[in-house]
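Trainee: Generate coordinates for the entire structure from the input sequences, incorporating the hints supplied.
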Amino acid sequence: MAYSNSIGSSKTQELGLLILRVGVGVLFFIFGWQKLAAGEQMWAGVGSAMKFVGISAWPVFWGLLASISEFLGGLLLIFGLFTRFASIPLVVTMIVATILKFGLGGTLSDASPAIFALLVTIFFSLNGAGSYSADNFLRLKKI
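Number 164 in our numbering belongs to position 23 of the sequence shown; there are no gaps in the numbering.
Hints are computed from structural coordinates only; laboratory data are not their basis. Do not take every clue at face value.
[What the hints assert, rightly or not] Pair by pair, the computed Cβ-Cβ distance ranges are: (1) Ile263 x Ser197: 26 to 34 Å; (2) Trp199 x Leu168: 21 to 29 Å; (3) Thr153 x Ser189: 41 to 49 Å; (4) Phe202 x Thr248: 24 to 32 Å; (5) Phe202 x Arg280: 31 to 39 Å; (6) Lys152 x Ile196: 40 to 48 Å; (7) Trp174 x Gly244: 19 to 27 Å; (8) Phe278 x Phe172: 22 to 30 Å.
Because the structure is a prediction, the values reported are computed rather than measured. Don't be surprised by glycine CBs; every beta carbon is placed ideally from N, CA and C.
Mentor: In structure tokens, the structure reads:
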């Protein structure tokens, strides 16, 4: 029997990628929907995080943009559609969320959910959705 450094077959790896992508997509979709549904006061609170990256103008706009990013980005991740493109706004949102946690005096433990989400969205922006995705079905692997 030949040695293989592979953890499993390509099918099991693709299944794992599907589970990760859909799971993260569902979470982003739900969190984005909650922020969108909460309205302008929520958007202002979310958008106020931009002060930690030097932008204090238009907190409602930035909060709405982050909420839409999570909602639509999550939806696109669920289906694996335009995955690389959809992940980029999520990466930016999670960078700001991480900076916010540390800016408020939080610990690594406080920032870890945002850091985990950041790492996963970076992964999908670099690697795409995988075989079990709309991108693959439509042959949009490079998007």
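Trainee: Evaluate each hint against the coordinates.
Mentor: Now for the hints, and whether the structure bears them out:
1. A C-beta distance of roughly 27 Å is found between Ile263 and Ser197, which places it inside the suggested range of 26 to 34 Å.
2. For Trp199 and Leu168, the hinted distance range of 21 to 29 Å is satisfied, since their beta carbons lie about 27 Å from each other.
3. Range check, Thr153 to Ser189: Cβ separation about 43 Å, and the 41 to 49 Å hint holds.
4. Between Phe202 and Thr248 the CB atoms are about 30 Å apart, so this pair conforms to the stated range of 24 to 32 Å.
5. Take Phe202 and Arg280: their Cβ atoms lie about 36 Å apart, and the range 31 to 39 Å holds.
6. Checked against the hint of 40 to 48 Å, the pair Lys152 and Ile196 passes, with Cβ atoms roughly 45 Å apart.
7. Take Trp174 and Gly244: their Cβ atoms lie about 26 Å apart, and the range 19 to 27 Å holds.
8. Phe278 and Phe172 have their C-beta atoms about 27 Å apart, which keeps the hinted 22 to 30 Å range intact.
Of the numbered hints listed earlier, not one is contradicted by the structure.
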